[in-house]
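Chain order of the listed sequences is P and E. Using our numbering, the first residue of the first sequence is number 1, and each one after it goes up by one. Using our numbering, the first residue of the second sequence is number 1, and each one after it goes up by one.
Watch out, some of these pointers could steer you wrong.
Because identical chains cannot be distinguished in the list, a pair is counted as satisfied if it fits within a single copy or across any two copies.
[Claimed, not checked] Think about it this way: if two alpha-carbon atoms lie no more than 25 Å apart in a straight line, the pair counts; the simulated SDA-like pairs of lysine to any residue are:
hint: 1; residue 1: K200; residue 2: E168
hint: 2; residue 1: K4; residue 2: D145
hint: 3; residue 1: K18; residue 2: G146
hint: 4; residue 1: K167; residue 2: K194
hint: 5; residue 1: K167; residue 2: Y195
hint: 6; residue 1: K167; residue 2: K200
No lab work stands behind these hints, which were simulated from the structure alone.
Chain by chain, the residues:
There are 2 protein chains.
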Amino acid sequence: MKIKLFPTLNSVEEEDLKGTTAVVIDVLRATSVITTAVYNGCLDVVPVLEIEDALTYKNEEVLLGGERRGFKIEGFDLSNSPLEYNRQNVEGKRIVFTTSNGTRAIIKAKYCDTILIGSMLNAKYLADFVVKNGSDINIICSGTDGNFSIDDFLCAGKIIYEINKLKETDMTDFATLAYLTYMNNRENIFEYLKYASHYKYMMSIGLEEDIKYCFKEDILDVVPYFKDGSIKKYPL
Amino acid sequence: MKIKLFPTLNSVEEEDLKGTTAVVIDVLRATSVITTAVYNGCLDVVPVLEIEDALTYKNEEVLLGGERRGFKIEGFDLSNSPLEYNRQNVEGKRIVFTTSNGTRAIIKAKYCDTILIGSMLNAKYLADFVVKNGSDINIICSGTDGNFSIDDFLCAGKIIYEINKLKETDMTDFATLAYLTYMNNRENIFEYLKYASHYKYMMSIGLEEDIKYCFKEDILDVVPYFKDGSIKKYPL
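I would like the entire structure built from these sequences, with the hints used as guidance.
Right under this line is the structure:
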């Protein structure tokens, strides 16, 4: 089983993905939101690129969620805080979702055969799934505004660490680096996270509670699966 | 002073480089060879892309050096082993040099105003130079065959660590990761290097002595400087 890790969305080429299994990560916060919403019983999450795309759903029975620059979008029902995606708000609902980085990465991954959503919240369960599935995997860190982001990298390291607990793998050097960084710092991962520029930005706009939640490990036993334009709990 | 780190040669765009100062790293072994040759008094090192380009110099008073797949090239005078670039062999000589990764990265950096050659051997002296120079810097890891390589990343971390000992800097997340990885593992950096796939490949073809040499830190007080197609000791 081979593991390849992409540092940013921009580092992924269509040809890298065709016919593969991908795990997409935007741990602060898009893929943590999606994992939470799917766990809490939403009907599905529909990722879209632009605010205008989301607004075309406005009159349907949907919730519009997402952010730009970390803030809730005007006219939307929900922000990009995973704490809003509780069972009371989302159960049985379709969520149309657009964010600066994560939803772009998910949509870019459409060339893959299998697209899974990764976060700290579901890392262990996701690792179980991919090991049982047995395919080689590409892990895509969304990054922040096109740049590498330490937060996504640590989450990738956690997922790779959980996979390697179950099965020996053949990793690229970049996947190995993520594995070692997580493994060597896992007792104080939150301290390591503080070096991430995206952490500093989120703290500056008052999102400390969201960050703390997004770095809880293995609390949601769910694998969100993207197929035919929407994300649902696996098995579909 | 800003520090940006590029994981591979392929991740660098021409527009990233225009007007900047760059440090190019291919620690195993091209930039370690160049640092050694310049320290040992060669006239200059002329990096070229292709074997054919190098062979056009054959009848001149030059040494041809380099490798493909780690091995000496037929008809060349020197391989890519830094141990061959001693004073006896190189003093006063022009060296025409082509390798799989490092010389490509140096030539790609031609859009920069200032191009410096980095290795473990000269990391501290290079850090002194760039801090006195004061410009923002781009550090380019050559990588191996287009892929990220832990060996170059550790060398970047060492250079960034030495710069930060002299001056507070504003680093991208990827530069911060290199800094932390080197700092947290600097007492056993050779153990960390063993995770690099390029280390494993080089060991498999019998190059252990070269690797040991390339990971000696701060033994050569020289800054190789690339200008007008050739690399010389600074000041030129």
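Results for each hint:
1. In the homo-oligomer, the alpha carbons of K200 and E168 lie at most 25 Å apart only across protomers (17 Å), although the nearest pairing inside one protomer, at 35 Å, exceeds that limit.
2. With identical chains, the CA atoms of K4 and D145 are at most 25 Å apart both within one copy (22 Å) and between copies (15 Å).
3. In the homo-oligomer, the alpha carbons of K18 and G146 lie at most 25 Å apart both inside one protomer (22 Å) and across protomers (19 Å), since each shortest distance falls under that limit.
4. Taking CA atoms no more than 25 Å apart as the test, K167 paired with K194 passes between copies only; the shortest distance there is 21 Å, against 30 Å inside one copy.
5. In this homomeric assembly, K167 and Y195 come within 25 Å of each other (Cα to Cα) only across copies, at 18 Å, whereas the closest approach inside a single copy is 30 Å.
6. In this homomeric assembly, K167 and K200 come within 25 Å of each other (Cα to Cα) only across copies, at 21 Å, whereas the closest approach inside a single copy is 35 Å.
Of the numbered hints stated above, none is contradicted by the structure.
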